[in-house]
Every structure is written in structure tokens, then in C-alpha cells.
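A.B. asks: Sequence:
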Amino acid sequence: MQSIRTNLSRNLTRTPARTFTSCTRFQTTPSKTQQAHEAAVNMSADKNLGELKIESTNINTAPGVSLSDHQRTIVGSVLDLFAGRPSLPKLQLWKDDATFTDPLTIAQGRDQYSAQWYGLQAAFSEIERLGHEVKDAGNPIKMDLDTRYVVKGLGKEQKIHSLIEITMEGDKISKVADKWDGKLPEGSIAQAFRRLNAVSVPYIVGVPKNAEEDRQRGNQ
Numbered sequence: 000m001q002s003i004r005t006n007l008s009r010n011l012t013r014t015p016a017r018t019f020t021s022c023t024r025f026q027t028t029p030s031k032t033q034q035a036h037e038a039a040v041n042m043s044a045d046k047n048l049g050e051l052k053i054e055s056t057n058i059n060t061a062p063g064v065s066l067s068d069h070q071r072t073i074v075g076s077v078l079d080l081f082a083g084r085p086s087l088p089k090l091q092l093w094k095d096d097a098t099f100t101d102p103l104t105i106a107q108g109r110d111q112y113s114a115q116w117y118g119l120q121a122a123f124s125e126i127e128r129l130g131h132e133v134k135d136a137g138n139p140i141k142m143d144l145d146t147r148y149v150v151k152g153l154g155k156e157q158k159i160h161s162l163i164e165i166t167m168e169g170d171k172i173s174k175v176a177d178k179w180d181g182k183l184p185e186g187s188i189a190q191a192f193r194r195l196n197a198v199s200v201p202y203i204v205g206v207p208k209n210a211e212e213d214r215q216r217g218n219q
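The sequence shown begins at 0 in numbering that gives the first Met the number 0 and counts up by one.
One or more of the hints may lead you astray.
To be verified - Computed spacing ranges between beta-carbons, pair by pair: (1) Val198 to Pro62: 35 to 45 Å; (2) Val198 to Ser173: 33 to 43 Å; (3) Asp135 to Gly169: 17 to 27 Å; (4) Ile159 to Pro62: 16 to 26 Å; (5) His160 to Asn57: 19 to 29 Å; (6) Glu54 to Asp95: 17 to 27 Å; (7) Gly154 to His69: 35 to 45 Å; (8) Asp110 to Gly169: 20 to 30 Å; (9) Gly205 to Trp179: 24 to 34 Å; (10) Val198 to Ile159: 21 to 31 Å; (11) Gly181 to Gln215: 34 to 44 Å; (12) Gly152 to Asp110: 37 to 47 Å; (13) Leu129 to His69: 38 to 48 Å; (14) Lys158 to Glu54: 13 to 23 Å.
Unchecked claim - Only pairs whose alpha carbons sit at most 27 Å apart, straight line, appear in this in silico DSSO-like list of lysine-lysine: (15) Lys52 to Lys134; (16) Lys171 to Lys52; (17) Lys141 to Lys158; (18) Lys158 to Lys208.
The set of hints was computed from the structure by calculation and includes no laboratory data.
All residues carry an ideal CB built from backbone N, CA and C; glycine is no exception.
Work the whole structure out from these sequences, hints included.
C.D. replies: Quick look at the structure:
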């Protein structure tokens, strides 16, 4: 375990990988996608961050589940993030004080959660989405997600089944919870480790400051 953590720490300081694979071929639905895109672009007041481009436009929903245009934009952006495809405009869909949690991390605020998403590019050599389905279009939006990760430098592969919950406040994301196998760990030791991880990562992972830096990393 110590060797894995050491390798991950070293990988986070290296130039991030730019190529990720996905088993899903994304198709554009002009009407809904364009409307959602325009609505989301209008939310960003800082044009120096670049243009919002959602790559995951083919959203799978369970029978009877219907998403609004804006919900499709939100879900697509979150799928992009989990695929190791962050960008500054996508993170503008989040509130400044939003929270991201998974079994290893509690990332509170823009600095911490931004570093978590950009850190995926450095930590993993491959990220493959095996499948997803939105189960609930309420608040939070609930989605099943299956992903295969390969740890950079170690070649260690792990498949993770997640229950993703996306909580909204107004038009923006206030929380994303990634519950592996539908569960999050309990206990004070687990909580302390997760917070420590979230606090340390921003000092290791450099988050782009503007659209040009983002483009140089292949994110725009």
C-alpha cells in the first residue's frame, strides 16, 4: 500500500497523460445538446477560462427517467470529469464552495475539488468508462457508473462500480458524491485520512490558471 501511495505521489508531479479511452462512442443530438450548451455557456462570466465543450453528450437514462437540457449538460460534464477530461469551463458549473467526496477524499472548495479532477490525469494511465445510466432525475441526480482505472507506473488495474449523486443549488453543482459499490466509508480515521488527502493534493497538482494553460494540457 505504501509503494502504491508513493508511486501515486510521484505520478502527480509528472506531466499528465492526455489520452483516455472510453467504450462509449458519443453522438451529438443537435437540438437538446445545443440548447443545453448555450444555457451553460451563459453561466460563465469569465471568458478567459475558455469555451464550454461537453464531450459526453450521449446520456443513458433508465426507463421513465427524463432529464432537462441543463441536467444533460451537468451529467455530461460530470461524466467528462470522471473520464479524466476536466476543463476550467466545466468546473465553472460548480459552486465555489462545492464539495466532492469519494471513499478516499473530502474535497471542499474550488481549490481542492479542482485538484482532485486534474489529478486523475496524472495518477492513471488509462481511464475507461465501461457504462453508465442515470437512475433518478431529482435532486440529487443519481447515476450508476462503471469505470476501469490503470495506475500510472504500476500497471495496476481496478474496476469500480459507483453510485454517483449530483446535488444542485440553483443552476450549479453544490456536491458530487462518488459512492463505490453504493457505500462510503465511516469512522473518524477514514474521515481524517480523506481530509488529509484532499488538503495535500492541491499542493502537488497544478490546476491551469487560464484557457491557454488548459489547452496546453489538451483539455480544451
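A.B. asks: Honestly, do Lys158 and Glu54 meet the 13 to 23 Å range at C-beta?
C.D. replies: 22 Å, holds
A.B. asks: Taking the Cβ atom of Asp135 and the Cβ atom of Gly169, is their distance within the range 17 to 27 Å?
C.D. replies: 19 Å, holds
A.B. asks: If you check the beta carbons of Leu129 and His69, does the distance land in 38 to 48 Å?
C.D. replies: 26 Å Cβ-Cβ, so the 38 to 48 Å window is violated.
A.B. asks: Indicate whether the distance between the beta carbons of Val198 and Pro62 respects the range 35 to 45 Å.
C.D. replies: 42 Å, holds
A.B. asks: Between the beta carbons of Ile159 and Pro62, is the distance compatible with 16 to 26 Å?
C.D. replies: 25 Å, holds
A.B. asks: Do the beta carbons of His160 and Asn57 sit within 19 to 29 Å of each other?
C.D. replies: Hint holds: Cβ distance 20 Å, inside 19 to 29 Å.
A.B. asks: Please check whether Val198 and Ile159 have a Cβ separation lying inside 21 to 31 Å.
C.D. replies: Check passed, 23 Å falls within 21 to 31 Å.
A.B. asks: Does 33 to 43 Å hold as the CB distance between Val198 and Ser173, or does it fail?
C.D. replies: The hint (33 to 43 Å, Cβ to Cβ) is violated, given that Val198 and Ser173 are roughly 20 Å apart.
A.B. asks: Please verify whether Lys52 and Lys134 have alpha carbons no more than 27 Å apart.
C.D. replies: Holds, at roughly 24 Å.
A.B. asks: Is the gap between the beta carbons of Gly154 and His69 within 35 to 45 Å?
C.D. replies: 40 Å, holds
A.B. asks: Given the proposed pairing of Lys141 with Lys158, does the C-alpha separation stay at or below 27 Å?
C.D. replies: 20 Å, holds
A.B. asks: Does the beta carbon distance between Asp110 and Gly169 stay inside 20 to 30 Å, or does it fall outside?
C.D. replies: Given range 20 to 30 Å: holds, Cβ gap about 22 Å.
Of the numbered hints stated above, those contradicted by the structure are hints 2, 12, 13, 18, listed in ascending order.
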